[in-house]
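Here's the letter readout for the chains.
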Amino acid sequence: MKRIFKGIAALSLAATVFATSAVTTNAMNDSYTYNYDYWGDVQASPDFYTVRRVFNHQELGLQDRMKNPQGMFAIGNKLYVCDTGNNRIIEMMAGENESLSVVKTFDSIKGDVEIKELNTPTDIAISEDGNIFIADKGNARILKLDENLNYLMQFDVPVDSTLDPNMIFQPSKIAVDTAERVYCVATGINKGLVKYESDGVFSGFVGAAEVAFDWTDYIWKKFATQAQREKMEDFVPTEYENLYMDYEGFIYVVNGNSSAEDLKAEKAKAVKKLNLMGSDILVQNGEYPVYGDLYMGNGGGHEGPSRFTDVTCLENDIYMCLDRNRGRVFGYDDQGNMMFAFGGNGNMDGYFRYPTAIEHIGHDLYVLDSQDCSITMFVPTDFGNTVYEAIEQFDLGNYDRSGECWQKAMDLNGNYNQAYIGLGRAHLRQEEYGDALEYFELKYDAENYSKAYKQYRKGWVQDNIGIIIVVLLLLILVPNGIGRVKQIKHEIETADIFKVD
Amino acid sequence: MNRESLQNYWKSLKFALYCMTHPLDGFWDLTHEKKGTYAAANTILALTLIIRVAKLRFTSFIFNDVYWEDLNIFLYMGSILFPLILWVVGNWALTTLFDGKGRLGQVYIATCYGLTPYPLIQFFLMPFSNVVTVDEKEFYGVISAASLVFCGLLIVAAMGQIHEFSFGKNILFTIATLFAMLVMIFILMLFFSMISQGIAYFISLAKELLFRL
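Top line first, the protein sequences correspond to chains A and B. Basically our numbering = 1-based index in the first sequence + 199. Basically our numbering = 1-based index in the second sequence + 111.
None of these hints come from the bench; they were simulated from the model. Hints may contain errors.
Cut-off 30 angstroms, straight-line C-alpha distance, at most; resulting in silico cross-link-like pairs (BS3-like, lysine-lysine) [unchecked claim]:
| # | chain 1 | residue 1 | chain 2 | residue 2 |
| --- | --- | --- | --- | --- |
| 1 | A | LYS642 | B | LYS166 |
| 2 | A | LYS266 | A | LYS277 |
| 3 | B | LYS248 | A | LYS657 |
| 4 | B | LYS122 | B | LYS145 |
| 5 | A | LYS642 | A | LYS653 |
| 6 | A | LYS420 | A | LYS390 |
| 7 | A | LYS607 | A | LYS653 |
| 8 | A | LYS657 | B | LYS166 |
| 9 | B | LYS248 | A | LYS653 |
| 10 | A | LYS420 | A | LYS430 |
| 11 | A | LYS463 | B | LYS248 |
| 12 | A | LYS653 | B | LYS166 |
| 13 | A | LYS685 | B | LYS125 |
| 14 | A | LYS607 | A | LYS642 |
| 15 | B | LYS248 | A | LYS642 |
| 16 | A | LYS394 | A | LYS421 |
| 17 | B | LYS122 | A | LYS685 |
| 18 | A | LYS421 | A | LYS466 |
| 19 | A | LYS309 | A | LYS266 |
| 20 | A | LYS466 | B | LYS248 |
| 21 | B | LYS212 | B | LYS280 |
| 22 | A | LYS688 | A | LYS657 |
| 23 | A | LYS390 | A | LYS421 |
| 24 | A | LYS277 | A | LYS394 |
| 25 | A | LYS430 | A | LYS394 |
| 26 | A | LYS315 | A | LYS303 |
| 27 | B | LYS248 | B | LYS318 |
| 28 | A | LYS657 | A | LYS642 |
| 29 | A | LYS315 | A | LYS266 |
| 30 | A | LYS420 | A | LYS463 |
Under 8 angstroms between C-beta atoms, here's a sample of chain A residues computed to sit facing chain B [what the hints assert, rightly or not]:
| # | residue |
| --- | --- |
| 31 | GLU640 |
| 32 | TYR643 |
| 33 | GLU646 |
Under 7 angstroms between C-beta atoms, here's a sample of chain A residues computed to sit facing chain B [unchecked claim]:
| # | residue |
| --- | --- |
| 34 | TRP238 |
| 35 | ALA645 |
| 36 | SER649 |
Note that the structure is a prediction, hence the values are computed from the model and not measured. Ideal placement from N, C-alpha and C gives every residue a C-beta, glycine not left out.
The following block holds chain A by itself, in its conformation from the complex (with noise of 0.2 angstroms):
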């Protein structure tokens, strides 16, 4: 009888063991937000955004569901979405509550134009003087309307002699800057994002995507046949797929066409910032170049790198990029450290199952889902609201207060590296380089250790630059000393007058 007791006990014993450790197996591995370490590995994180509401037809209050919606932007508290199946846009007000509600929807518009109704409106943006654009995909052109939707003008297939002339004009994304100058990605169209002054003649292409080029490959080209070389990969640049204009007018486009090799190479970039010269100036300072996801393998169904296709930018230099591959938001800050990432396939609240467009208001977060015909809203938790405040205080000058937050984010989240790292800045910033030094040699910071470093080791050559040169005189003086004393010795011994015979 004991035998068998004792049996069963050990047995349960291994099962406990055995049950307890598959749980936190998975429980590191299905972290719905996780972030990279410095070795890239990924780390369990606390919520970063939560998902407040998942907003589909009926939750809105609308009679039709919504089909195949595009694009989306939003501007104060108000949010328009393309309905583009249903050739409709809808525009809704943020209101108090974390509520959505319809203020109207149209799928025409009125004025001295031949076509008055849309035809797949892909996206829609709206300058600061409330005007109206919108890529009327279907029918080729690019709508300018008052708010009351009067036409005003509209913006067609850019006239260039390197374009085929037979071409059928296709904008998909828009985006205009506070002079009402319009740039749009166009189906078709890979020479950059599409540029009309605001009177609406097109004024040329700004940023190319250049062309991921390789010296292998060009010779390869030389040696293969005909038949080989059209089989081949060809040199052009691959389309944007979306774009974002920022609070300073930059402009985020977003690339989710590149080949896993070229962005680990960094021969591509999954995301620019464009000034107004049309080059990038996005920066690079994280531990990865700025494409999402690092591991890329094949899970649940999806593989390759993510595809970003929608990026937007908060007030406080956080962007964040959608990845319809597998369903994330990818959050990075002005640095391009990555600051979270959430998200996931799937019918649950929080995944998606095919996301076209992101947009935020204030900070919280707006995710249409084309399949799904949803819109999924978050809010930043207490964790997310800590780091933004961290950041927001940093910029401020406030370091002492952004140091406290960076605690606060560590206390919830001891594996997250910008927390380490941005306490340390703020030691930094105060002059505390003792403590600074700590957090960057915790998170491997290089760069920021030797900025601290620096002066740490200026305050500590200045502090005892009295006991330095005691002991660099001693080291000189002291060898010297005992070479005379040994040389006056030597000359005594054997001078001539104390010779005894």
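Following the hints, put chain B in place on chain A, whose structure we already have.
Then chain B, alone, in the frame of chain A:
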């Protein structure tokens, strides 16, 4: 251990410093005057290994990234020991066929004596790495590389002296030894893959038998 042998050991160890500064003269005396000992050679090798491992811990993180989770100290030591053994055996095996005067033990002693700059220089680089910043990274890199080049030159010079080779012949046999090392690695890999396949065969045979019984 008596006093005399201890003194002898100490003298042979100090001779490594002489070899470092006077490679041709020093390495000639090393074997021909029997100034080198196994004890001293082993000490230098041990110091090299200890310094190599200590570097992981005490060099500033700016210069070395150590992923401790993935580190196997013994494999890490093997990264010095294994090439060393290949070098010694390969060099001896080749030179003995072409009028090399050095014996296997002498090749080993001379090679170990040739490693002297590594522990000496790297030891002082450890504290040095902790007082420099990223901007001064080059200083560290150059000195560190210099210690390795120094070792390499010493070993080549040592081989020339103990085998009594001319300069040209020495260079030729250095290159030939490197090839010999490659050949040995190839044969080892072949050997291990053959053995593992052989073992796998018997294991599957045993499994088959167990299923049938």
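Given the proposed pairing of LYS607/A with LYS653/A, does the C-alpha separation stay at or below 30 angstroms?
-> holds, 28 angstroms
Hint check, ALA645/A versus chain B [nearest Cβ-Cβ separation less than 7 angstroms] | holds, 5 angstroms
Take the C-alpha atoms of LYS463/A and LYS248/B, compute the straight-line distance between them, and say whether it is at most 30 angstroms.
-> Cα-Cα ~26 angstroms, so holds.
Hint consistency between LYS212/B and LYS280/B [alpha-carbon to alpha-carbon, up to 30 angstroms] = holds, 13 angstroms
Regarding the pair LYS653/A and LYS166/B, is the alpha-carbon distance no greater than 30 angstroms?
-> holds, 23 angstroms
Tell me if GLU640/A is really an interface residue toward chain B, meaning its C-beta lies closer than 8 angstroms to one of theirs.
-> holds, 6 angstroms
Does the structure keep LYS122/B and LYS145/B at a Cα separation of 30 angstroms or less?
-> Holds. LYS122/B to LYS145/B sits at ~12 angstroms (cutoff 30 angstroms).
Given the hinted pair LYS420/A and LYS390/A, is their alpha-carbon gap at most 30 angstroms?
-> holds, 23 angstroms
Restraint outcome when TYR643/A is required to lie within 8 angstroms of chain B by C-beta distance | holds, 6 angstroms
Going straight from one Cα to the other, do LYS657/A and LYS166/B come out at no more than 30 angstroms?
-> Between LYS657/A and LYS166/B the Cα gap is close to 26 angstroms, so the pair holds against 30 angstroms.
Proposed proximity, LYS266/A with LYS309/A (alpha carbon, max 30 angstroms) | holds, 24 angstroms
Given the proposed pairing of LYS421/A with LYS466/A, does the C-alpha separation stay at or below 30 angstroms?
-> Holds, at about 22 angstroms.
Hints 16, 22, 25 and 27, counting from the list given before, are not met by this structure.
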